[in-house]
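Enquirer: Each chain, letter by letter, is given below.
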Amino acid sequence: MFCMYSNFLNIIDILGTFAFAVSGVFSAMEKKLDLFGVLIISFVTAIGGGTIRDVLVGNLPVNWLQNDVTIFVIFISALATILFGSYFKHLNTPLVLFDALGLGLFTIIGFEIGLEKKFSGGICVALGTISACFGGVLRDVLLNKVPLIFQKEIYALACILGGATYYLLHRTQLNNDVSKVICIILIFAIRIVAIRFKLSLPRVSLK
Amino acid sequence: MFCMYSNFLNIIDILGTFAFAVSGVFSAMEKKLDLFGVLIISFVTAIGGGTIRDVLVGNLPVNWLQNDVTIFVIFISALATILFGSYFKHLNTPLVLFDALGLGLFTIIGFEIGLEKKFSGGICVALGTISACFGGVLRDVLLNKVPLIFQKEIYALACILGGATYYLLHRTQLNNDVSKVICIILIFAIRIVAIRFKLSLPRVSLK
Amino acid sequence: MFCMYSNFLNIIDILGTFAFAVSGVFSAMEKKLDLFGVLIISFVTAIGGGTIRDVLVGNLPVNWLQNDVTIFVIFISALATILFGSYFKHLNTPLVLFDALGLGLFTIIGFEIGLEKKFSGGICVALGTISACFGGVLRDVLLNKVPLIFQKEIYALACILGGATYYLLHRTQLNNDVSKVICIILIFAIRIVAIRFKLSLPRVSLK
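Chains as they are written, first to last, in the working numbering: chain Z, 11 to 217; chain W, 11 to 217; chain G, 11 to 217.
These aren't lab readings, by the way, just hints derived from the structure by calculation.
Since the model is a prediction, treat every value here as computed from it, not as a measurement.
Treat the hints loosely; a few may be bogus.
[To be verified] Only pairs whose alpha carbons sit at most 30 Å apart, straight line, appear in this in silico DSSO-like list of lysine-lysine:
| hint | chain 1 | residue 1 | chain 2 | residue 2 |
| --- | --- | --- | --- | --- |
| 1 | G | LYS162 | Z | LYS42 |
| 2 | Z | LYS162 | W | LYS42 |
| 3 | W | LYS41 | Z | LYS42 |
| 4 | G | LYS42 | W | LYS155 |
| 5 | W | LYS162 | W | LYS41 |
| 6 | Z | LYS127 | G | LYS42 |
| 7 | Z | LYS41 | W | LYS155 |
| 8 | W | LYS42 | Z | LYS155 |
| 9 | W | LYS162 | Z | LYS155 |
| 10 | Z | LYS155 | G | LYS155 |
| 11 | G | LYS127 | Z | LYS127 |
| 12 | Z | LYS42 | Z | LYS127 |
| 13 | Z | LYS127 | W | LYS128 |
| 14 | Z | LYS41 | G | LYS162 |
| 15 | W | LYS155 | Z | LYS155 |
| 16 | Z | LYS208 | Z | LYS155 |
| 17 | W | LYS128 | G | LYS127 |
| 18 | G | LYS41 | W | LYS208 |
| 19 | W | LYS208 | G | LYS162 |
| 20 | W | LYS42 | G | LYS155 |
| 21 | W | LYS127 | Z | LYS127 |
[What the hints assert, rightly or not] A few chain Z residues that face chain G, going by a derived Cβ cut-off under 10 Å, partial list only:
| hint | residue |
| --- | --- |
| 22 | ALA38 |
| 23 | LYS42 |
| 24 | LEU45 |
| 25 | THR61 |
| 26 | GLY68 |
| 27 | LEU70 |
| 28 | ALA90 |
| 29 | LEU107 |
| 30 | GLU122 |
| 31 | LEU152 |
| 32 | ASN154 |
| 33 | ASN185 |
| 34 | PHE198 |
| 35 | ILE202 |
[Unchecked claim] Residues of chain Z clear of chain W, computed beta-carbon distances all greater than 10 Å:
| hint | residue |
| --- | --- |
| 36 | ILE24 |
| 37 | LEU25 |
| 38 | LEU66 |
| 39 | GLN76 |
| 40 | ASN77 |
Where a beta carbon is used, it is the ideal one built from N, C-alpha and C, also for glycine.
Taking the hints into account, I'd like the entire structure generated from these sequences.
Expert: If you want it as structure tokens, here you go:
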């Protein structure tokens, strides 16, 4: 039983890592970086959020230093995208789907680490959102852009709503893995609906 | 007695957090971020310096993860500024005063943490300066600007001078809280005088 | 014997720190920062890579907080470069040589810390590369540029090749210090050859 649960978390981790590594490569390619630069941006996008979370809560050495599977998945994902990404250059859809999936996956992983440390519910939601969104923030900072998620679309908000829902579900009798799948799908759905209908948060500026 | 001392530190902390959260919102508004982006920049400005300090010295989990008061103060400050900030859009003065106050407050808090860890005087001054100034550095990096404090005005220098003064005072018989107030006022005064008379450090470049 | 070894590491450390502090000042001067800004960029370039490495592996407080020699070396190097740097403004050569030397030195120091923590060979190479290259990445982020090492020339690749060679040599009977010198020279040589013949990695972009 523990084994199944553990497998479930591992598969979540690998899929999310794959999705973020691919989206990192696409972003880096737009800036015409060299091979090393693209690989680093791919790594940072995939592990950046989890790294910031691990550093903030003091889970050191950070997870990926001890996890060769993560490194391997990112490396293979990045190479495959570099070699074959040009075939679907006009297809924005896979990038968006991968990204939305990763978003849901990492939010729940981050939330769980907050629970383990017995932080308050709000902090757990924040840790989930940091895990999911701040790889992208680091990616944009390294690519010398104002982070995309500060400017448009419902992105972090999906993580916040999904995290809050998980907080409520995890206090019920519902099986934990079922709760996770529900919240991952919820985050995925909010994100896809937001893109489809071009929903965004209001901009704030001095009138 | 310990309680009074502790209250004194807490009030310092809340006032400083408020001042930095407000100045973060103003900076973010200039870049026309969305609501989530403005809130994140507000948080980063308020807790960024202390977070970098906590990570460097190994005080993990970082302070704000365990401190709901800080989170609450930033959230309320940021919301109030977003809602009512437009009323004083031509008033640069409150922004400057809040910022100068926060600068003094956080320098002393950072210095104290260095003392607790028994670092040398120079490192304590550096930790005070990092606590006070690097929230603003992170804010500017996220807003895709060269950090303001690397380019103009007497800003970090005020922290360095205030920190050095505190180092000297804390070795005298003077009551510790009195020393703190003196140094906070000193940093505040240096900063305000520098702005009033447009004092700045010399720029350095290859002639 | 231990003492000699220890001295050897210390000298490596001081030389590398000097080299990076100087190159940080040169980069900062191009952006016309003020005196404080130039000093901070010099510090960040010199200690940034090691700081990121220490945080990731959990060696906290980070090394330089407890090491007044490092602080002193950077401060003196930066001041000397600010004062006398304009005399050799047309000389790009010393900057390049210092930088290539520092690159080799820090790669080996980072690799060794990975070994101490019993990380896998690939992670040790990554830690060496992070130690050597990410001070420059932080420098470029603070100066609001896409990091140079993501865009051109053989830079990080020299660290990766040097680190991998060290991994192989350290498993042989060869004296450890001899291995170190060989790898530092190798990294230095790859870097200089790459500059001399304008070698670079292929850029990756969507065709």
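Enquirer: For this structure, which hints from the list above don't hold up?
Expert: 6, 12, 19, 28, 29, 30, 33, 34, 35, 38
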